[in-house]
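Residues 1 to 132, numbered by my numbering, are exactly what the sequence shown covers, in order.
Note that these hints are calculated values from the structure, not bench results. Please note: incorrect hints may appear among the correct ones.
[To be verified] Below are the DSS-like pairs computed for lysine-lysine, each with C-alpha atoms no more than 25 Å apart in a straight line:
id : residue 1 : residue 2
1  : Lys5      : Lys27
2  : Lys130    : Lys2
3  : Lys66     : Lys2
4  : Lys41     : Lys119
5  : Lys5      : Lys66
6  : Lys130    : Lys5
7  : Lys27     : Lys119
8  : Lys41     : Lys5
9  : Lys130    : Lys27
10 : Lys119    : Lys5
11 : Lys119    : Lys2
12 : Lys41     : Lys2
13 : Lys130    : Lys41
14 : Lys119    : Lys130
15 : Lys119    : Lys129
16 : Lys130    : Lys66
17 : Lys2      : Lys129
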Amino acid sequence: MKELKYKNLWATLGYFYAALIFFICLKESPPGTETFPYQDKIFHFLAYFLLCFWFGQIYSSVTRNKIFIWSFLMGLLIELIQSQLSYRSAELADLLANTLGSLMGIFFGLILIPNVLSKIDGWLQIMFKKRS
Numbered sequence: 001m002k003e004l005k006y007k008n009l010w011a012t013l014g015y016f017y018a019a020l021i022f023f024i025c026l027k028e029s030p031p032g033t034e035t036f037p038y039q040d041k042i043f044h045f046l047a048y049f050l051l052c053f054w055f056g057q058i059y060s061s062v063t064r065n066k067i068f069i070w071s072f073l074m075g076l077l078i079e080l081i082q083s084q085l086s087y088r089s090a091e092l093a094d095l096l097a098n099t100l101g102s103l104m105g106i107f108f109g110l111i112l113i114p115n116v117l118s119k120i121d122g123w124l125q126i127m128f129k130k131r132s
């Protein structure tokens, strides 16, 4: 994996995204906002897919287990907090969707298409060199 020049930027964006997941999962949402069946589970899957895909692009494959464990613990913590909120409920199915999304995100981010962020990082380097 090519070293990212803007690794700190990408990591910061990833941590902001993780914080956004926390916020969305813990905020009160009006009842009946789902527009199709299993919308919530699909959101969980996609949110964790993107999270692990993103961090899989930033950090080497040596840390793939750490990325997965970190995302699993984050999802578990959110579910535990939701179980204590009167306006949210914890669901094992949410944790399962998170876990599957994490695994698929790691698989895609580290194995199938591992250099997406590296290419974007390279393009940014070229763009900023042209402006200098």
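Hints and how they fare:
{"no.": "1", "hint": "Lys5 - Lys27", "in the structure": "35 Å, violated"}
{"no.": "2", "hint": "Lys130 - Lys2", "in the structure": "21 Å, holds"}
{"no.": "3", "hint": "Lys66 - Lys2", "in the structure": "20 Å, holds"}
{"no.": "4", "hint": "Lys41 - Lys119", "in the structure": "31 Å, violated"}
{"no.": "5", "hint": "Lys5 - Lys66", "in the structure": "22 Å, holds"}
{"no.": "6", "hint": "Lys130 - Lys5", "in the structure": "16 Å, holds"}
{"no.": "7", "hint": "Lys27 - Lys119", "in the structure": "35 Å, violated"}
{"no.": "8", "hint": "Lys41 - Lys5", "in the structure": "35 Å, violated"}
{"no.": "9", "hint": "Lys130 - Lys27", "in the structure": "43 Å, violated"}
{"no.": "10", "hint": "Lys119 - Lys5", "in the structure": "11 Å, holds"}
{"no.": "11", "hint": "Lys119 - Lys2", "in the structure": "9 Å, holds"}
{"no.": "12", "hint": "Lys41 - Lys2", "in the structure": "34 Å, violated"}
{"no.": "13", "hint": "Lys130 - Lys41", "in the structure": "44 Å, violated"}
{"no.": "14", "hint": "Lys119 - Lys130", "in the structure": "17 Å, holds"}
{"no.": "15", "hint": "Lys119 - Lys129", "in the structure": "15 Å, holds"}
{"no.": "16", "hint": "Lys130 - Lys66", "in the structure": "37 Å, violated"}
{"no.": "17", "hint": "Lys2 - Lys129", "in the structure": "19 Å, holds"}
Hints 1, 4, 7, 8, 9, 12, 13, 16 from the list above are not met by this structure, while the remaining hints are.
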